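Trainee: Here is what each chain is made of, one letter per residue.
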Amino acid sequence: MKTSRFKSIPWHIVFMVTIVILIFPIIFAIGMSFKPLEDAYNNTINFLPIHPTLENYLTFFDSMDVLKITSNTFIIASVVTFFKVITSFLAAYAFVFLEFKGKNTLYFLLISMIFIPFSITMIPNYLVISDLGLSDSIWGVILPQLADAVGIFLLRQSMKTIPTSLIEVARLDNLGHARIMKDIVLPLVKPAITSTGIWFFILSWNEYVWPVLILKTVDNYTLPLALQMYISSEGGTNFTVAMAVAVITMIIPLTLYLMFQKYIIGTFTSSGIK
Amino acid sequence: MKSFLKLFSLISLAFVLTACGNSSDSTDKDSSSKGEKTVIEYWHVNAETQGGKTVEELVKAFNEQSETTEVVAKYNPDMYKGLMQNLQAEAAAGKSPAVVQVGWSFLDYFSNNFSYISPQEVIDQHFKDDSTFIKDNFLENVMDLAKNSEGTQVGIPYSLSTPVLYINRSLLKEAGLNENGPQTWQEVQEFSKVIKEKTGKHGFYMQEPADNWATQALLESNGARMLTDGKATFASKDGIEAYQLLADMINKDKTALHLPWDQGVQSFIDGNVAMAYTTIARRSQIQQNVKFDVAAVKSPAWEGKEVRLPAGGAMLAITAQEEKQQKSAWEFMKYLYSVESMAKWTEGTGYVPPRKDVAEAENGLKAYLEENEMMKAAVEQMDGVVPWTSFPGDAGLQAEQLLLDTRDEILGGKVSVDEGLKSTEEEINQLLK
Amino acid sequence: MHAVKATNKRMSKEQWLAYGLLIPTLLIFALFMFWPFVYTIYLSFFDWNMVKPTKEFVGFQNYIDVLSDPNTYKVFGNTFLYIVLLLIINCSIPYVFAFILDLVLKRYKNFYKGAMFLPSVISLVVGSILFTWILNPVSGPVAIILDWFGVEMPIWSKMDGWVIVVLSLITSWKVFGYNFIVLYASINGISREIIEAAKLDRVPLWKIFFHIVLPMSGATGIYVLIITIVQGLQYVFTPIKVITQGGPNYASANAIYHAYHEAFVLYRTGHSAALSILTMAIFITLLILEFKFVERGVHYEN
Numbered sequence: 001m002k003t004s005r006f007k008s009i010p011w012h013i014v015f016m017v018t019i020v021i022l023i024f025p026i027i028f029a030i031g032m033s034f035k036p037l038e039d040a041y042n043n044t045i046n047f048l049p050i051h052p053t054l055e056n057y058l059t060f061f062d063s064m065d066v067l068k069i070t071s072n073t074f075i076i077a078s079v080v081t082f083f084k085v086i087t088s089f090l091a092a093y094a095f096v097f098l099e100f101k102g103k104n105t106l107y108f109l110l111i112s113m114i115f116i117p118f119s120i121t122m123i124p125n126y127l128v129i130s131d132l133g134l135s136d137s138i139w140g141v142i143l144p145q146l147a148d149a150v151g152i153f154l155l156r157q158s159m160k161t162i163p164t165s166l167i168e169v170a171r172l173d174n175l176g177h178a179r180i181m182k183d184i185v186l187p188l189v190k191p192a193i194t195s196t197g198i199w200f201f202i203l204s205w206n207e208y209v210w211p212v213l214i215l216k217t218v219d220n221y222t223l224p225l226a227l228q229m230y231i232s233s234e235g236g237t238n239f240t241v242a243m244a245v246a247v248i249t250m251i252i253p254l255t256l257y258l259m260f261q262k263y264i265i266g267t268f269t270s271s272g273i274k
Numbered sequence: 001m002k003s004f005l006k007l008f009s010l011i012s013l014a015f016v017l018t019a020c021g022n023s024s025d026s027t028d029k030d031s032s033s034k035g036e037k038t039v040i041e042y043w044h045v046n047a048e049t050q051g052g053k054t055v056e057e058l059v060k061a062f063n064e065q066s067e068t069t070e071v072v073a074k075y076n077p078d079m080y081k082g083l084m085q086n087l088q089a090e091a092a093a094g095k096s097p098a099v100v101q102v103g104w105s106f107l108d109y110f111s112n113n114f115s116y117i118s119p120q121e122v123i124d125q126h127f128k129d130d131s132t133f134i135k136d137n138f139l140e141n142v143m144d145l146a147k148n149s150e151g152t153q154v155g156i157p158y159s160l161s162t163p164v165l166y167i168n169r170s171l172l173k174e175a176g177l178n179e180n181g182p183q184t185w186q187e188v189q190e191f192s193k194v195i196k197e198k199t200g201k202h203g204f205y206m207q208e209p210a211d212n213w214a215t216q217a218l219l220e221s222n223g224a225r226m227l228t229d230g231k232a233t234f235a236s237k238d239g240i241e242a243y244q245l246l247a248d249m250i251n252k253d254k255t256a257l258h259l260p261w262d263q264g265v266q267s268f269i270d271g272n273v274a275m276a277y278t279t280i281a282r283r284s285q286i287q288q289n290v291k292f293d294v295a296a297v298k299s300p301a302w303e304g305k306e307v308r309l310p311a312g313g314a315m316l317a318i319t320a321q322e323e324k325q326q327k328s329a330w331e332f333m334k335y336l337y338s339v340e341s342m343a344k345w346t347e348g349t350g351y352v353p354p355r356k357d358v359a360e361a362e363n364g365l366k367a368y369l370e371e372n373e374m375m376k377a378a379v380e381q382m383d384g385v386v387p388w389t390s391f392p393g394d395a396g397l398q399a400e401q402l403l404l405d406t407r408d409e410i411l412g413g414k415v416s417v418d419e420g421l422k423s424t425e426e427e428i429n430q431l432l433k
Numbered sequence: 001m002h003a004v005k006a007t008n009k010r011m012s013k014e015q016w017l018a019y020g021l022l023i024p025t026l027l028i029f030a031l032f033m034f035w036p037f038v039y040t041i042y043l044s045f046f047d048w049n050m051v052k053p054t055k056e057f058v059g060f061q062n063y064i065d066v067l068s069d070p071n072t073y074k075v076f077g078n079t080f081l082y083i084v085l086l087l088i089i090n091c092s093i094p095y096v097f098a099f100i101l102d103l104v105l106k107r108y109k110n111f112y113k114g115a116m117f118l119p120s121v122i123s124l125v126v127g128s129i130l131f132t133w134i135l136n137p138v139s140g141p142v143a144i145i146l147d148w149f150g151v152e153m154p155i156w157s158k159m160d161g162w163v164i165v166v167l168s169l170i171t172s173w174k175v176f177g178y179n180f181i182v183l184y185a186s187i188n189g190i191s192r193e194i195i196e197a198a199k200l201d202r203v204p205l206w207k208i209f210f211h212i213v214l215p216m217s218g219a220t221g222i223y224v225l226i227i228t229i230v231q232g233l234q235y236v237f238t239p240i241k242v243i244t245q246g247g248p249n250y251a252s253a254n255a256i257y258h259a260y261h262e263a264f265v266l267y268r269t270g271h272s273a274a275l276s277i278l279t280m281a282i283f284i285t286l287l288i289l290e291f292k293f294v295e296r297g298v299h300y301e302n
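The listed protein sequences derive, respectively, from chains E, F and S.
Last residue of the first sequence: 274 (the numbering used here), numbering continuous.
Last residue of the second sequence: 433 (the numbering used here), numbering continuous.
Last residue of the third sequence: 302 (the numbering used here), numbering continuous.
Treat the hints as calculated values from the structure; they're not laboratory data.
It should be emphasised that the depicted structure is a prediction, and the values quoted were computed from it without experimental measurement.
Misleading hints may appear alongside valid ones.
[As the list claims (entries may be wrong)] Cβ pair distances, simulated, as ranges:
no., chain 1, residue 1, chain 2, residue 2, range
1, S, L67, F, E419, 24 to 34 Å
2, S, F210, E, I27, 32 to 42 Å
3, F, T228, S, V294, 58 to 68 Å
4, F, K135, S, F57, 20 to 30 Å
5, E, L54, S, A197, 55 to 65 Å
6, S, K292, E, F82, 26 to 36 Å
7, E, I27, F, T184, 44 to 54 Å
8, F, K254, E, I27, 31 to 41 Å
9, E, I45, S, I88, 23 to 33 Å
[What the hints assert, rightly or not] Short, incomplete list of chain F residues facing chain S, as computed with Cβ under 8 Å:
no., residue
10, E64
11, Q88
12, F114
13, Q263
14, D408
[Said to hold, decoys possible] Derived pair list, reagent style DSS-like, types lysine-lysine, alpha-carbon separation capped at 27 Å:
no., chain 1, residue 1, chain 2, residue 2
15, E, K262, S, K106
16, F, K81, S, K52
17, F, K414, S, K74
18, E, K103, S, K292
19, E, K7, S, K13
20, E, K7, S, K106
21, F, K324, S, K52
22, S, K55, F, K81
23, S, K52, F, K231
24, E, K7, S, K207
25, E, K182, S, K199
26, S, K52, F, K433
27, F, K173, F, K291
28, S, K52, F, K74
29, F, K231, F, K198
30, F, K422, S, K74
31, S, K241, F, K74
32, F, K324, F, K128
33, F, K95, S, K13
34, S, K74, F, K81
35, E, K190, S, K113
C-beta atoms are modelled at their ideal positions from N, C-alpha and C, and glycine is treated no differently.
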């Protein structure tokens with residue numbers, strides 16, 4: 001076993017280098033968010049603030065109701081994630097454990113929507129939302145996002161690894177589908193649910209193309225939209241304030257991840273799936 | 001697992017509560033004000049770095065003094081292009097805001113495709129007292145900027161910008177050059193060479209956004225015309241000569257930079273480029289962040305020729321469909337065009353006021369302009385302002401794009417200026433037919 | 001006879017249940033995906049810009065225009081280049097990393113897992129603005145450091161090829177960690193007995209990877225493969241839009257960006273629709289191939 005330890009050193013170096021590359025931009029962003037803009041321009045190489053200032057954060061807090069905007073973002077991302085996971089779970093269950101007419105065609109039809117360009121859906125969706133009277137409301141942002149092909153795909157992948165014999169035995173015991181779902185399938189696909197859940201949350205948390213179209217009043221804004229207020233091609237981007245907004249935007253998903261990292265990784269690994 | 005869920009639901013609850021609390025507040029406000037006032041939407045593109053705060057202040061001040069109208073401002077990211085996209089979706093849904101900012105390059109596209117009403121028409125219908133407001137307060141050549149290719153007055157100019165040459169005086173001094181900067185384009189080329197030689201820094205950067213604004217200034221000042229009688233004519237001898245100078249500086253002399261806009265300005269601010277040719281709207285960004293002696297000088301001319309500078313910025317157009325909304329729209333616009341509001345607008349954005357008298361008026365910009373040397377260049381060169389060419393017809397935007405594609409090819413050194421411009425001109429004329 | 005009837009009855013009950021479970025998804029999809037999709041097919045036969053009062057029927061002209069435009073081929077070429085690059089950086093490399101972390105490395109595991117994931121929570125808009133600064137070829141920190149060594153940084157955003165590589169790296173920066181964690185979890189879930197046995201038999205690492213780990217984590221592998229393709233198609237959009245707007249001369253545009261460009265910059269709805277339909281046709285064909293050939297080789301329990 002001594003050899004294996006020796007072998008691991010080059011790999012440690014590779015990992016460390018990768019991590020430095022991955023983390024540097026984040027440290028750079030955090031550093032910049034505490035710098036006066038003037039310093040950001042004139043002293044880029046020294047990414048740690050020499051004269052640290054809260055000015056950028058204050059600018060952001062002064063011009064918007066940050067708590068409201070953060071809670072909008074949070075509600076949108078949570079509701080979207082919650083429903084997407086449920087709709088995907090139900091659909092995947094039907095595709096894996098039930099027999100019905102048109103199953104393959106339907107599955108294929110749903111999955112092919114992964115490749116739909118958003119330039120196709122943007123305007124028609126806007127028309128629907130506007131007809132429903134939901135423009136300028138966070139519910140208008142949420143509604144079209146309640147189901148997702150990627151989720152169905154991953155959960156189906158995961159459910160397919162469950163032995164059919166397990167389900168058959170349960171059926172013979174006269175267990176209803178509701179019980180099978182809850183007591184057998186759900187615990188087994190928990191890791192897949194966790195990873196899609198994280199994916200959905202991050203995706204929705206950072207989404208801006210669609211909210212830009214729907215939301216009008218600043219009070220209904222989400223964090224990525226607030227960021228857009230500091231980016232302008234003609235007037236120039238206020239880089240340091242933009243970075244302050246970016247730091248605030250990343251705090252919540254980051255804390256959630258770091259707090260539950262053990263649990264998340266644990267779910268992945270403790271599941272009985274081989 | 002359980003603690004995870006508990007904590008998560010606790011956080012969610014907290015957020016939902018704050019959100020509900022806040023939203024009930026706002027509905028209260030809405031219902032109380034909606035009773036008497038007409039609510040109209042004003043769409044703008046002004047990010048915080050470009051007058052966003054001023055928009056907010058102006059709208060707030062207007063709402064406080066108006067008894068009939070309540071304005072809701074909507075910010076549209078991604079400039080006039082982004083606004084146009086959102087407007088397209090809104091129009092498809094059968095709705096429209098009341099007042100919108102329309103960028104000059106969208107003038108023809110906007111007037112061909114969206115339903116709008118000319119401000120003068122609204123005035124004639126409802127505001128007899130204001131019937132000469134536009135005539136009295138705007139110069140004719142300024143109002144002409146907001147006429148489409150058929151000569152119809154679409155809106156009223158609101159944000160006016162021109163390109164100026166920002167110079168790093170400290171660097172020029174170091175290179176032993178005239179600190180007041182070059183006067184002609186030939187001098188710009190000479191200066192750049194000297195700077196590169198003496199200081200090792202880059203000499204010049206010309207803005208490269210997704211439009212041909214600065215290119216038009218360069219070419220037309222040399223006597224070329226983008227468009228003559230509805231046909232593209234930029235590949236004339238003068239046009240090619242002008243473009244050649246820029247291409248040479250980048251590819252032959254290697255004294256000029258070929259970079260995206262934000263990166264180019266960044267390199268000017270941190271002192272890596274000595275001169276930058278870009279819009280006056282960047283003034284506050286540059287002024288506030290440089291650590292050297294900076295100045296803005298008038299757009300360089302071509303020796304013995306008059307400068308022609310396309311106006312940048314936007315006009316305000318009325319897209320309200322109902323009479324009541326149209327009335328409110330003009331009430332709001334009139335407020336925005338008052339001397340005081342115009343002065344605030346200029347101070348907040350760096351745009352040149354389109355209205356007469358603002359620059360000199362005591363309640364206008366007099367004091368401000370005296371203090372702001374850098375604005376002077378832009379105000380002084382206003383007599384050289386011409387409309388920003390927007391190619392006519394349905395294929396106009398596509399023609400603009402073709403010229404943009406050629407810029408990449410020419411400045412990237414892939415085709416010669418002569419070949420690039422001539423073939424693009426031909427292609428565009430095919431399109432415009 | 002009786003039995004057959006019973007299964008039939010059960011079948012039909014099951015059918016209803018299945019449709020019931022699918023209804024929420026189908027409703028949302030019908031309203032927000034299928035109908036825009038069908039509408040787009042319809043629009044691809046018209047010359048229109050979404051706002052003009054009249055649409056003009058042009059038959060297949062939009063398709064002919066799109067297919068005879070050399071830029072279309074350039075853009076599709078770029079699209080596949082993006083996908084290939086992302087498959088290498090975001091699918092193959094994380095796979096190997098996850099494998100090494102699980103089997104070879106003993107220490108700092110938690111640190112690695114945590115640190116690699118961090119960029120995943122940041123949006124690509126932020127990433128794009130950040131990298132515009134970090135990679136500014138004249139003034140950015142990377143350029144300054146290269147300058148110390150006398151190396152001049154290429155002006156990547158204006159150079160064919162380079163621009164795609166850099167934009168792919170920016171996209172990868174964001175997605176790498178997520179793919180890595182998902183793959184790690186899947187590999188970590190593989191029964192230790194088989195791997196330990198192989199190790200005792202001194203089976204070389206690469207063999208363990210290809211013969212044991214790859215097939216046994218195949219279900220997740222396919223998931224990562226598919227989302228990587230989606231990333232190469234959909235996510236690259238953001239850095240393209242923020243940094244290059246498809247330039248120089250379409251050298252960085254991909255199919256999705258180009259469809260957006262046609263629809264919302266040039267307002268040629270018909271062209272954009274035709275281009276979108278062609279893009280989807282290509283990817284759906286790929287999807288069919290994936291179903292037919294790749295999925296067959298995957299190890300599922302049943």
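Trainee: None of the hints should be skipped; say for each whether it holds.
Mentor: Now for the hints, and whether the structure bears them out:
no. : hint                        : in the structure
1   : S:L67 x F:E419: 24 to 34 Å  : 26 Å, holds
2   : S:F210 x E:I27: 32 to 42 Å  : 37 Å, holds
3   : F:T228 x S:V294: 58 to 68 Å : 59 Å, holds
4   : F:K135 x S:F57: 20 to 30 Å  : 46 Å, violated
5   : E:L54 x S:A197: 55 to 65 Å  : 58 Å, holds
6   : S:K292 x E:F82: 26 to 36 Å  : 35 Å, holds
7   : E:I27 x F:T184: 44 to 54 Å  : 47 Å, holds
8   : F:K254 x E:I27: 31 to 41 Å  : 34 Å, holds
9   : E:I45 x S:I88: 23 to 33 Å   : 31 Å, holds
10  : E64                         : 35 Å, violated
11  : Q88                         : 5 Å, holds
12  : F114                        : 6 Å, holds
13  : Q263                        : 5 Å, holds
14  : D408                        : 4 Å, holds
15  : E:K262 x S:K106             : 17 Å, holds
16  : F:K81 x S:K52               : 18 Å, holds
17  : F:K414 x S:K74              : 16 Å, holds
18  : E:K103 x S:K292             : 16 Å, holds
19  : E:K7 x S:K13                : 58 Å, violated
20  : E:K7 x S:K106               : 11 Å, holds
21  : F:K324 x S:K52              : 25 Å, holds
22  : S:K55 x F:K81               : 23 Å, holds
23  : S:K52 x F:K231              : 24 Å, holds
24  : E:K7 x S:K207               : 16 Å, holds
25  : E:K182 x S:K199             : 38 Å, violated
26  : S:K52 x F:K433              : 20 Å, holds
27  : F:K173 x F:K291             : 15 Å, holds
28  : S:K52 x F:K74               : 24 Å, holds
29  : F:K231 x F:K198             : 45 Å, violated
30  : F:K422 x S:K74              : 23 Å, holds
31  : S:K241 x F:K74              : 22 Å, holds
32  : F:K324 x F:K128             : 16 Å, holds
33  : F:K95 x S:K13               : 47 Å, violated
34  : S:K74 x F:K81               : 25 Å, holds
35  : E:K190 x S:K113             : 19 Å, holds
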